[in-house]
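What follows is the residue order along each chain.
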Amino acid sequence: MPSPTYQQYPMQYLPYPYAQLPMQSQQAQPQQQTLQSAGFILIPSEEDAYKYPVAPGKCMSFKVENEPIVIEKSMSYSQLETPRIDRYRLVREDIVDEPNAIDAVAIEQSHDDGLKEELQAIRRDLEGIKDKLYNNNPKPAVKKKEDERNE
Amino acid sequence: MNNMFQMYQQLLQNPMGVLSQRFNIPQGVDASNPNAIIQHLLNTNQISQMQVNQAMQMRNNPAIQMLMGGRR
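Heads up: the protein sequence lines correspond to chains F and X, in order. Heads up: the first sequence begins at 1 in the numbering used here, then just goes up one per residue. Heads up: the second sequence begins at 1 in the numbering used here, then just goes up one per residue.
Only chain F is shown next, with the shape it has when bound in the complex (with noise of 0.2 Å):
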């Protein structure tokens, strides 16, 4: 039989350097809140990005929201010149791959081609009211001369 004290000194002595664990990880907790990043701003419209208060030799970026716009408010540690302000425009990637989405560029392509051939109308419609003017009105400039000749 084994005698109760050798039996009781591991159990007393086990518990000790256990008993910290669970102080440490509590301990922790805190510091890791504090670290966290602000990241994006949520702001229901671009005036109040402007708005924001920004302390110096700070960048705050927003985003606003069910509108694809990034705005970025920078401040020189210099408090005296006046903080910039990006702003930027997201264009969605994935929208692409969708068969019957709108996309962005094919929009713009579109706009150019539509443009050039207005263009192109306007100036076949130029020319032709040249040829018209010079048609009914030849030689403008020799008139002159010839109406001087006379006087």
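Please keep in mind that the hints were generated in silico from the structure rather than gathered at the bench. Possibly wrong hints are sitting among the right ones.
Unchecked claim - Restraint ranges, calculated between C-beta atoms of paired labels, are given here:
#1 F:I85 x X:P34: 44 to 52 Å
#2 F:Y77 x X:N53: 49 to 57 Å
#3 F:F40 x X:N2: 26 to 34 Å
#4 F:E93 x X:D30: 37 to 45 Å
#5 X:A31 x F:I85: 32 to 40 Å
#6 X:Q57 x F:V70: 15 to 23 Å
#7 X:V29 x F:E47: 19 to 27 Å
#8 F:G114 x X:M58: 17 to 25 Å
#9 X:P62 x F:S61: 38 to 46 Å
#10 F:G57 x X:Q27: 22 to 30 Å
#11 F:Y88 x X:Q9: 28 to 36 Å
Unchecked claim - Residues from chain X that keep clear of chain F, each with C-beta distances beyond 10 Å, as calculated:
#12 Y8
#13 L11
#14 G17
#15 G28
#16 A31
#17 I38
#18 L42
#19 V52
C-beta atoms are modelled at their ideal positions from N, C-alpha and C, and glycine is treated no differently.
Use these hints to put chain X onto chain F, whose structure you have.
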């Protein structure tokens, strides 16, 4: 007790004056514009950007807006 009452009366009569004196806000800052006051406090390192973010997040919270009576 009298001092507390006087402070309360001053706060009721001229709230922005009392707050400007408390946080050393100069007269050049537009006291009617909360964002201008916050910007001044940021510039003078009286508050941090994190505190501003938290405050703005609370202000944009619909539940808090309801408590404030729909004021923004």
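Hint by hint, here is what the structure shows:
Roughly 20 Å separates the CB atoms of I85 (chain F) and P34 (chain X), a value that falls outside the hinted 44 to 52 Å. The beta-carbon spacing between Y77 (chain F) and N53 (chain X), approximately 20 Å, falls outside the hinted interval of 49 to 57 Å. Between F40 (chain F) and N2 (chain X), the C-beta spacing of about 51 Å breaks the proposed range 26 to 34 Å. Taken as a hint, the range 37 to 45 Å holds for the pair E93 (chain F) and D30 (chain X), whose Cβ atoms sit roughly 43 Å apart.
Range check, A31 (chain X) to I85 (chain F): about 25 Å between beta-carbon atoms, so the 32 to 40 Å window is missed. The beta-carbon spacing between Q57 (chain X) and V70 (chain F), approximately 18 Å, falls within the hinted interval of 15 to 23 Å. Remark: the range hint 19 to 27 Å for V29 (chain X) to E47 (chain F) is upheld by a beta-carbon distance near 20 Å. For the pair G114 (chain F) and M58 (chain X), the supplied restraint of 17 to 25 Å is violated, since their beta-carbon distance comes to about 49 Å.
Remark: the range hint 38 to 46 Å for P62 (chain X) to S61 (chain F) is contradicted by a beta-carbon distance near 23 Å. Remark: the range hint 22 to 30 Å for G57 (chain F) to Q27 (chain X) is upheld by a beta-carbon distance near 26 Å. Between Y88 (chain F) and Q9 (chain X) the CB atoms are about 51 Å apart, so this pair departs from the stated range of 28 to 36 Å. No beta-carbon of chain F is positioned within 10 Å of the beta-carbon of Y8 (chain X); the least distance is around 29 Å.
No beta-carbon of chain F comes within 10 Å of the beta-carbon of L11 (chain X); the shortest separation is about 24 Å. Distance check on G17 (chain X): its Cβ is at least 22 Å (rounded) from any Cβ of chain F, clearing the 10 Å threshold; non-interface status holds. Separation of G28 (chain X) from chain F is adequate, the least Cβ-Cβ distance of about 13 Å exceeding the 10 Å criterion. Look at A31 (chain X): its CB is around 15 Å from the nearest CB on chain F, clear of 10 Å, so calling it non-interface holds up.
At the 10 Å boundary, the C-beta of I38 (chain X) falls inside the reach of chain F, the nearest C-beta of that chain being 4 Å off. The non-interface label for L42 (chain X) is inconsistent with chain F: the shortest C-beta to C-beta separation is roughly 4 Å, within 10 Å. Separation of V52 (chain X) from chain F is inadequate, the least Cβ-Cβ distance of about 6 Å not exceeding the 10 Å criterion.
Consistency note: the structure conflicts with the earlier hints numbered 1, 2, 3, 5, 8, 9, 11, 17, 18, 19.
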